[in-house]
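Work the whole structure out from these sequences, hints included.
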Amino acid sequence: MALQLATLPVVARYVPPAEFGLVALSMVFVGLAMALSDAGLGKSLLRDGGRDDLVWSSAFWMLCGFGLVLGLCVLAAAPFVALLYDAPRLARFLSVLALVPVLQSISAVFVAELESRHAFLPLALALVLSSVLSAGVAIGLAMNGAGAWALIAQQVTLFAVQAVWYVLGSTFRPRVTFSRHALGAHLKFGSDTLGWAMLQFVIRESLRLVIGFVGTMAQLGAFAMAMRFLRVPSTVISDPVSRVVYVRMAAQHATPGAVRDLFLQASGLLAVIVIPPIALLAAASEPVFVLLLSEQWSDVGLLFTLLAPGFALQIALSPNGTAFMAQGRTDLRLRVTTEMAVLWLLMLPLAASFGAVALVAARSVWFIVFLPRMAVFMRRAFDVGLADIMALLCWPVLLSMAGFALQRGLSRSLGLGEWGQLGLAPVLLLLVWAAILLISRGRLRDSYAALRAGMA
Numbered sequence: 001m002a003l004q005l006a007t008l009p010v011v012a013r014y015v016p017p018a019e020f021g022l023v024a025l026s027m028v029f030v031g032l033a034m035a036l037s038d039a040g041l042g043k044s045l046l047r048d049g050g051r052d053d054l055v056w057s058s059a060f061w062m063l064c065g066f067g068l069v070l071g072l073c074v075l076a077a078a079p080f081v082a083l084l085y086d087a088p089r090l091a092r093f094l095s096v097l098a099l100v101p102v103l104q105s106i107s108a109v110f111v112a113e114l115e116s117r118h119a120f121l122p123l124a125l126a127l128v129l130s131s132v133l134s135a136g137v138a139i140g141l142a143m144n145g146a147g148a149w150a151l152i153a154q155q156v157t158l159f160a161v162q163a164v165w166y167v168l169g170s171t172f173r174p175r176v177t178f179s180r181h182a183l184g185a186h187l188k189f190g191s192d193t194l195g196w197a198m199l200q201f202v203i204r205e206s207l208r209l210v211i212g213f214v215g216t217m218a219q220l221g222a223f224a225m226a227m228r229f230l231r232v233p234s235t236v237i238s239d240p241v242s243r244v245v246y247v248r249m250a251a252q253h254a255t256p257g258a259v260r261d262l263f264l265q266a267s268g269l270l271a272v273i274v275i276p277p278i279a280l281l282a283a284a285s286e287p288v289f290v291l292l293l294s295e296q297w298s299d300v301g302l303l304f305t306l307l308a309p310g311f312a313l314q315i316a317l318s319p320n321g322t323a324f325m326a327q328g329r330t331d332l333r334l335r336v337t338t339e340m341a342v343l344w345l346l347m348l349p350l351a352a353s354f355g356a357v358a359l360v361a362a363r364s365v366w367f368i369v370f371l372p373r374m375a376v377f378m379r380r381a382f383d384v385g386l387a388d389i390m391a392l393l394c395w396p397v398l399l400s401m402a403g404f405a406l407q408r409g410l411s412r413s414l415g416l417g418e419w420g421q422l423g424l425a426p427v428l429l430l431l432v433w434a435a436i437l438l439i440s441r442g443r444l445r446d447s448y449a450a451l452r453a454g455m456a
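Throughout the sequence shown, residue numbering follows full-length UniProt numbering, covering 1 to 456 in sequence.
Because the hints were derived from the structure by calculation, they are not lab data.
Note that the structure is a prediction, hence the values are computed from the model and not measured.
Quick reminder that beta carbons are idealized off the backbone N, C-alpha and C, glycines included.
Please note that the accuracy of each hint is not assured.
Said to hold, decoys possible - Label-pair restraints from in silico Cβ distances: (1) Pro-256 / Val-214: 46 to 52 Å; (2) Arg-412 / Ala-391: 32 to 38 Å; (3) Ser-298 / Ala-76: 37 to 43 Å; (4) Pro-372 / Leu-121: 36 to 42 Å.
So this is what it looks like as structure tokens:
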């Protein structure tokens, strides 16, 4: 997280918002290919509990072919995307970024093998090393006037380093053999996961596509920057937690109540870790982002504040996806995502008619409105209902809202400047965390112990 936050302020001073907007638009189309790149086979292999060389090798070769097809699709689409948005440089960006889904597909089975051995340290080191090297590339190129190409090079370096590390760190070596029949149930699991990934793409990236039409590239760049900060907790905290929890859930999915307990423990811990800092950063967002990124990024603060409520809740509850998979209920996960996508697509044109800022605000409203319906499916899959969700979110949300109100109120009443507001936010964050720990220390201790046991 420290590296992510240290890189962005440096790069942002050399790459203006409109350039960020172009890269953000490029990543929408690459993101679709990335979402499809492992076809759900990596997660499905983990559910077997063993390692059949024929099955794993077949999965590897299938994914290599699939990744190559996805990369070629991105390459073929590049000139049409550039024409659609009247941005010729998009074609060149996409031609280079087409390599990313290929690298992800090649890596998928090696990652699954590392996860099956609970080799989480090599996985974490891959993320750290790739982040350091790609950040260095981005900063170096940005300072030398490369503009948007600095961000393109960062993405390619990130995934290339990860792919090499995963291959070297894994004990899996594919045999020159292939059997579609051997994949059997994995293909069914994968087909549900592919459908889910497509719908996730619609939910996640349609906002960028529409902002690209109704707003300016500078607005899209500001939105992309806000999203980068909001995704740091996912990348650094919730994704690794979900990965650890999935391995434990997959191993214990036949034990009554095990998946439910692991979900509540993981989500309860994430709610405490993630919601308060997002809330306090949102409260001080306007001065914080001007100080961090420079005056040209002043629009980021408002967009971050509007996105924060929905994203904070979504990150806290993110282990629900792993719980659906561990229970083998990819059908329910697909249905949840379908209904979420339908609701979002209904809200999107209405919000778009009010402009880019209204579109961003609608993103938080959408997730909060859908939460009770999501709880219905969670109850069916692993016996977690709306009351359980409210119980684990109650204190983190209420105390974070109090922290937000105090930050805004004290900043106004005391007439604090930018640095004063920046100094007040961490003090209030510590107070919010202290209050949550005082109220929920027993439950949090149990949750932490359970996750530690999963990493042992």
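Are there hints from earlier that the structure breaks, and if so, what are their numbers? No hint contradicted; all consistent.
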